[in-house]
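Dock chain B against chain A, hints included.
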Amino acid sequence: MSDKMDELLAHLPAHLPPPDLARRICLAVRGHRRAQPSPFAWAGRRTQRLARLAGLMGIALLGLWLLELAPPTTWPGALAVLLAWVAYLWQAPAEGLLALGQSLLDHWQDLTGMELTVLPLALALLAMAMFALAACRLAAWTEDKSQMPKGVFS
Amino acid sequence: MMLSVSLALSRLTDAHAEMHGDERNLIARAQAGDDVAFDALVHRHTAPLYRVVRRMVGDDGEAENIVQEAFLRVWINLSRYRNDRPFFPYLVTVAANLSRDHWRREQRLSEDDLDALADLLPDPGDLPDRLVENAETLRLLAEAVARLPEPYRAVIALRYDAGFSYEEIAVALGLPLNTVRTHLHRAKAQLRRQLEEQIR
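Line by line, the protein sequences give chains A and B. If you count by my numbering, then the first sequence holds residues 96 to 249, one letter each, in order. If you count by my numbering, then the second sequence holds residues 7 to 206, one letter each, in order.
This is chain A alone, in the form it adopts within the complex (with noise of 0.2 Å):
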C-alpha cells in the first residue's frame, strides 16, 4: 500500500497563491518594519514580575506602617473617629477639609524617624508597581495594533 499510497500522495495536485501574495506580504512586512517602535517595548513579562513584586512589597510595608499606626485593640476607636469625620466632611465639607488636613500634619509631626521612612518606601514601591504594569498593558496594546489584521488578505 505503502509506494501506490506515497506515490499518489506525492503527485497531489498543488494548491496556488493569489498572484500578488508575495507582494502583499512584502508591502506588510516593510509596513511593520517603519511603524514606530512602542516607547512601551522595555515593558515585557520580566517588568511584570517585578512589578508584581514591588506592590506586594509596597502592599505589605504599607499594611505594617498601619499596623503600627493603629494597632489592632485601637480598631473600633479608630472606626468611631473615621465615621465622625465622615459625618463632619459630610455636614460641613469645607471646615471639615481643613480641619482633616490640620488633624493629619498633627499627626505627621507626631510619627517617628521609622515611619517616615516605611511610609514613604511603601508608597514609592506601590507607585513603581502601578506605572510599571501600566506599561506593560500599554506594550502589549500597541503590539497587537502594530501587527497586521487577520484576514487582510481575505
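No lab work stands behind these hints, which were simulated from the structure alone. Note that CB positions come from ideal geometry on N, CA and C, so glycine has one too. Keep in mind that the hints are not guaranteed to be accurate.
Quick list of the computed label-pair ranges, beta carbon to beta carbon [unchecked claim]: (1) A:D98 to B:Q204: 12 to 22 Å; (2) B:N89 to A:A222: 42 to 52 Å; (3) A:L111 to B:Q37: 21 to 31 Å.
Sample of chain B residues lacking proximity to chain A, with all beta carbon distances greater than 10 Å (derived) [as the list claims (entries may be wrong)]: (4) Y87; (5) D90; (6) F94; (7) P155; (8) A176; (9) L181; (10) N184; (11) T185; (12) E203.
For chain B alone, kept in the frame of chain A given last:
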C-alpha cells in the same frame, strides 16, 4: 557516456550549491536590513510555503494569514536566525507551529478522538490495481486529504508537500517520533478507505 553523466551530475551539484549560497547571501543581506533581499526570499518561498500550509489548514483565507504571519515572525526573528541552516524547513516549521495553534483553537478533535477513529479503520493493505495514477484519482485523493482530521493533514502536508523526514515533522509539530509514524499510518489507512469507497 559516463563522462556526460558525471558532467551533468556535477552541474546539478553546482546549481544546488549556487542556489544555497545565493540564499545564504540573501539571508545575510536581509539580516543586515536589506528590504530587497527579504523581498526576494518572500517571492522565492511564498508558493511552496502556501502549498504546504493550504494542505494543512484546508482553507484559502486561513492559509494566506498563516503564510503572512510566518514571514512576519521570521522577519522579526531574523537577527537570531543561524544562517548555516536551510531556510525553507525553518520557514515551514514556523508556519506549522501557527497551523497547530489554529487547529488547537478550533479544538475539533483531541488525541482520544483520533484514537477512537483509528479503531474503526482497517489494516492498511494494497491499493486496488485498478486505481491508477491519473488526474481523477489525484483529485479524489486531494479531496480525501482535505477531509482528514487536522493533525493527519499536517503530517501529510509536511511529508509530501514539504518533503520533510519523520524527524523533521516531529520537530515541526512538537510531536514524538512514534506519534508522527502513527498519524501517517492512520492517515494513509483512512485515505485508502475513502478512495475505495469512491471508486466502488
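To see whether the hints hold, each was checked on the structure:
no.: 1; hint: A:D98 to B:Q204: 12 to 22 Å; verdict: holds, 20 Å
no.: 2; hint: B:N89 to A:A222: 42 to 52 Å; verdict: holds, 46 Å
no.: 3; hint: A:L111 to B:Q37: 21 to 31 Å; verdict: holds, 30 Å
no.: 4; hint: Y87; verdict: holds, 15 Å
no.: 5; hint: D90; verdict: holds, 24 Å
no.: 6; hint: F94; verdict: holds, 15 Å
no.: 7; hint: P155; verdict: holds, 16 Å
no.: 8; hint: A176; verdict: holds, 19 Å
no.: 9; hint: L181; verdict: holds, 19 Å
no.: 10; hint: N184; verdict: holds, 17 Å
no.: 11; hint: T185; verdict: holds, 18 Å
no.: 12; hint: E203; verdict: holds, 15 Å
Every hint from the earlier list agrees with this structure, and none is contradicted.
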